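There are 6 protein chains.
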Amino acid sequence: MRIKIIVPLLTSKYNSAVQEDIAPYIAPDVSVTVVNLDFGSPSIESRYDEMCSTPDIVSKIVESEKEGYDGVFVSCVSDPAISVARELVDIPIVGGFEPAALSAGMISKRWGIITITQSCACLIRDLATLAGIHQQLACIRSINQPIDELHQAPGKLEEVLLAQIKKMVSEDRVTAIVLGCTGMMGMAKYLSREMETVGMPIQVIDPSAVALGYLQMMIRAGLTHSRLEYPKLDLRERDMSCVK
Amino acid sequence: MRIKIIVPLLTSKYNSAVQEDIAPYIAPDVSVTVVNLDFGSPSIESRYDEMCSTPDIVSKIVESEKEGYDGVFVSCVSDPAISVARELVDIPIVGGFEPAALSAGMISKRWGIITITQSCACLIRDLATLAGIHQQLACIRSINQPIDELHQAPGKLEEVLLAQIKKMVSEDRVTAIVLGCTGMMGMAKYLSREMETVGMPIQVIDPSAVALGYLQMMIRAGLTHSRLEYPKLDLRERDMSCVK
Amino acid sequence: MRIKIIVPLLTSKYNSAVQEDIAPYIAPDVSVTVVNLDFGSPSIESRYDEMCSTPDIVSKIVESEKEGYDGVFVSCVSDPAISVARELVDIPIVGGFEPAALSAGMISKRWGIITITQSCACLIRDLATLAGIHQQLACIRSINQPIDELHQAPGKLEEVLLAQIKKMVSEDRVTAIVLGCTGMMGMAKYLSREMETVGMPIQVIDPSAVALGYLQMMIRAGLTHSRLEYPKLDLRERDMSCVK
Amino acid sequence: MRIKIIVPLLTSKYNSAVQEDIAPYIAPDVSVTVVNLDFGSPSIESRYDEMCSTPDIVSKIVESEKEGYDGVFVSCVSDPAISVARELVDIPIVGGFEPAALSAGMISKRWGIITITQSCACLIRDLATLAGIHQQLACIRSINQPIDELHQAPGKLEEVLLAQIKKMVSEDRVTAIVLGCTGMMGMAKYLSREMETVGMPIQVIDPSAVALGYLQMMIRAGLTHSRLEYPKLDLRERDMSCVK
Amino acid sequence: MRIKIIVPLLTSKYNSAVQEDIAPYIAPDVSVTVVNLDFGSPSIESRYDEMCSTPDIVSKIVESEKEGYDGVFVSCVSDPAISVARELVDIPIVGGFEPAALSAGMISKRWGIITITQSCACLIRDLATLAGIHQQLACIRSINQPIDELHQAPGKLEEVLLAQIKKMVSEDRVTAIVLGCTGMMGMAKYLSREMETVGMPIQVIDPSAVALGYLQMMIRAGLTHSRLEYPKLDLRERDMSCVK
Amino acid sequence: MRIKIIVPLLTSKYNSAVQEDIAPYIAPDVSVTVVNLDFGSPSIESRYDEMCSTPDIVSKIVESEKEGYDGVFVSCVSDPAISVARELVDIPIVGGFEPAALSAGMISKRWGIITITQSCACLIRDLATLAGIHQQLACIRSINQPIDELHQAPGKLEEVLLAQIKKMVSEDRVTAIVLGCTGMMGMAKYLSREMETVGMPIQVIDPSAVALGYLQMMIRAGLTHSRLEYPKLDLRERDMSCVK
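Chains as they are written, first to last, in our numbering: chain E, 7 to 250; chain W, 7 to 250; chain D, 7 to 250; chain P, 7 to 250; chain X, 7 to 250; chain Y, 7 to 250.
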């Protein structure tokens, strides 16, 4: 089984860290390729960014299917390009939000999301509304830090996230947390462990771990998006100037 | 007061018909300019079409603000580009869906939408979910006809719509109807009249009529989208290759 | 186009202030008449008050239609008499709540209402439930001041409202505010400006501004309440002792 | 324990039938008085009727408390005057809708209401929305017959109700039925029995039976409406021209 | 009329207190028998406890019907065994949760539950979700004390409950409270009185009072659970090793 | 990685068929053991059956953890014993319903469930309500056939399911189907193929395929149920007579 991960950045500098981070989540018969974008926004932190990056993500998904990949994970919690691409390809495609959010409902009936900025919080709240899961979603909090500042001061991100998560347990009474940015990779296990130490034994969900497991499940089960929900478009009959 | 209407087609051939159609909905102190797209999909009937046309719609909205327009109506029931553009401009922008859907709740507590294709029905259902109004929305039906076939056989569209609307009243028990495509212009009054004749006195909502009234209201009230909901982006600090 | 505004008080002393306040929201081809009640409660701040004032509001709406008015705005956020009157007349009628609440959903997906007393807060919460919009309504707060005290100490109302609205942004995380009393006229612009100054750029919705824009839209669009939702009553066949 | 039943008609001709019908639902230590209205609509089948009859119902509730009654049942499924009266008296008051609707949720998770006219269906749907129980309410159907025609042709009402209820089971898949008019008294047991005969063993809920049981429970439990929900009004400080 | 109360403990030591406590809620023509369990958990404070005690509760309900009882109240707010037993018997059965929760909606539109432990809070939240009433349920709080510690220090339970309930009024803005454990018997009236003293006149609902009133209503009305919702099982054709 | 599948039947006769059926859904580094029950109901088709079988399922889950299994799948769409066992063990446990239902929301926003009997339909509807996903769940239909009749007439099950699924697409307008019984194994692919042939290209979700993929994901991601949601019980301090 071959999976393509699209990290929607204009740089490949995090790709090896991504490969290392996701290794435990991949079955031995699965090979994973990580790619980035050739054009679009440097990162996706607004609806404008999403618009700019969507065409190239779609192109790379269409290309992945032609190359024989069995599925694609777009590594971003705003699920960019997912619904568009489903009109064009038959292989399963997942983003970072939906699998994590739906899985949260399996292990908790009252959970929250922690993300990076107010802009992302609004984007994610719209995705939660669309997914029909707002009933269990007790809160969306943000740490108010853009993604490129996240990893600058070592230990700073850990500290800020931990402080917010403690509030989510004590004030919002959640029993699980979804990390609302794939740039928080490596944090989930640390945070779970720290929370257990302080007597708040909460599950922290890493969106990449869940999305990749989900995608492998879909491929093995022969599942993909519904054609009645996403009627197929034939790109040969269409102007292709939008996607390369 | 100056309003720009963006009809997201690559042709201007319907513009004079649009001007004539919307004239009754415009106050005497309001001037309206109708423009089209320079690039994008020929029409918006899928998520792919929406992706292709969004960048040029956004460009034209940004341009409208620079030209001093007081507000913009994007004449399409899938509300394309609306949320992206709100990050970039301060003037109010409306699409065809939200004003019509929210107004339906004013005149009926159980209403339905009639649109053109299954693909549009899914797009519109997602918009209704996002708008949080699914409780009153009893059904979305489609006539299964792409937009370019709509006006070909004279009287055909009227006939097909009337048949579906009768079913929506008798089977789905709705008390109002939203027309789910701005290409159905001129139909609302005809359908209301015919339905009254057959003893089913139902309101049929024309999305353009409502959107334009809504936009004039926002401009007079000094209302626009919330900056906490759509944090402002400064395009000067951003790569502008996505919008012209 | 002729619009009647019913200010449901037993005094006409605020009428000229109302005329001045709403002037910017009225198109040049629209004339507005403001009237008051001949009997009923001095103001509407409870369900009992609403019961007492409803018959005369209904009478004045029936009369307005006979006089050839094109629509009526009942200037009160508890939407008194609206649904009763819709059974009796064909012209569109709006109150202060529904247009403001439905418009809030256009500019924000998480908003709140600020009103005067606990009693009004309960009345308004019921209206929100009826309108099916509770999903986006994050909170209803009250300033705990009856309406006749509102304008007594100059600057006091501004201060109290501003304090509550700041809490609604920081604690309830709303991105827009609906003013829950038409007696708060003139406050919306002041509050928006002040909130921008303190770095919380939130939209504050004046219910009269929105209702009047909404009503003009309905009149131009030829829209009115659904007869399937509000079956017509013939008052000639009915005992008229309830309305004058 | 003393209970007052207000049958909101201008005639007393059904009172003895009511007394007989409700006898099985009353504990031996409870005495019941049935009264009617002195003014108002002949019956409550529209929002206008409700407005006309509400003041006298409220007066009679206030009077009941003064006379030492322990609780009041307003025998009408549109729950007229209930929320107004709760601002004025301390004793528990119930209408026909809320107890029946909330009890339906105890014996079924998918149920429906059968009422007399489209107008009543809309009124009742609004009450269901207000009560927050729309999730379980699968349908509201009407037999399209005004209340004064209900008992004219013997056996006709039974036949019409039975036909609709069969459809509600087979088409709407409900597992319980609420009778949406107190004028359908005596029907619940007949309909339950007939439905069992045809292999559709469904519970049919008589609103009077449930409301009276509910009221007795509230009185014995010392429960009444919340004063935080319905702040108390002092009528001595108010104009009393609205209620006699 | 004969009612059986099953107090799901392995001891009878509270039975006479229960008899005394519920006496005011019982009509004079009703006799009440209180029984306990022969096997199961000492008390029901977790899902495991519920599993352990359910078979004997079911046995005792089946037995009650054979003995000619008209209805059964299982005195526990986690409603254990209720839905299972409904498949086996025809007489009405109620637990402590559903009647109290549905009744709360009659006297308040925004209410909360106070229970003993986090585990019970999760159990109860699931019941609320199942009952479809989460819209009005503003919060579930717990006092974090297991049931056997509840009555140890005299006055301690009163104090702890009062402190939490004050917070529920001021912070969660509820207008009524449901006591989330039948072990809190005798508290409701005390708490209502104390809250009135401090100017927060809130109704506190005792689950046993409401459940017993509810049960008497069902018996007098001839109501029971729907057979379409709980299809009847014939235990003679089944392995009986699960229930004694 | 070692997974235990508990097929909650008293016979092992389907185990090799199960092993064969699920083989494609299992990664090469995963070994699967299938076990059955020693006591309980012959199959789970009612709430009574669920009560009878739950204790032995719980015992077998506790035993699995002691034996070092990494996770357990209880192969039944009524999710029996899942929430109880989560209080006792740390390893992830899934049933047939939740993973399938949550995954349906990934590939469709309007889907339905097809199950075997009315009793199962009610059980499943309660699970859907608990999972908070009723918004997207358009219908639950049943084929009205107990599980032991399912495989008797060859081809009969296929035929009956296909007929119902066609109705779900045309009448209920769903875009995906969840098979509501693990006894329908092998049907999903057949039904998907047949539906594509008739021009209704719908995804049919096999609950075992999804649950096993889900479980593998949880194990690889180090995810399990939240301890704040399911507080841990120590069985050593508890009476163990309920589980063997």
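Each hint should be verified, as a subset may be incorrect.
Identical copies look the same in the list; a pair holds intra-copy or inter-copy alike.
Stated by the list, open to error - In the DSSO-like style, the derived pairs of lysine-lysine whose C-alpha atoms are separated by at most 27 Å in a straight line are:
no., residue 1, residue 2
1, LYS19, LYS173
2, LYS72, LYS173
3, LYS173, LYS238
4, LYS172, LYS238
5, LYS72, LYS162
6, LYS172, LYS72
7, LYS172, LYS19
8, LYS72, LYS195
9, LYS238, LYS195
10, LYS19, LYS195
11, LYS19, LYS162
12, LYS72, LYS19
Quick caveat, the hints were computed from the structure, so don't treat them as lab data. From a predicted model like this one, the values you see are computed outputs, not experimental measurements.
Status of the hints after comparison with the structure:
1. LYS19 with LYS173: neither (33 Å within a copy, 42 Å between copies)
2. LYS72 with LYS173: Neither. Shortest intra-copy (47 Å) and inter-copy (35 Å) distances fail the 27 Å Cα cut-off.
3. LYS173 with LYS238: Between copies only: 22 Å across, 45 Å inside.
4. LYS172 with LYS238: between (45 Å within a copy, 20 Å between copies)
5. LYS72 with LYS162: neither (42 Å within a copy, 39 Å between copies)
6. LYS172 with LYS72: Neither. Shortest intra-copy (46 Å) and inter-copy (32 Å) distances fail the 27 Å Cα cut-off.
7. LYS172 with LYS19: neither (32 Å within a copy, 42 Å between copies)
8. LYS72 with LYS195: For LYS72 and LYS195, only the inter-copy Cα distance (24 Å) is at most 27 Å; the intra-copy one is 36 Å.
9. LYS238 with LYS195: between (40 Å within a copy, 20 Å between copies)
10. LYS19 with LYS195: within (23 Å within a copy, 42 Å between copies)
11. LYS19 with LYS162: Close inside one copy (21 Å), not across copies (57 Å); limit 27 Å.
12. LYS72 with LYS19: within (26 Å within a copy, 38 Å between copies)
Of the hints listed earlier, those the structure fails to meet are numbers 1, 2, 5, 6 and 7, in rising order.
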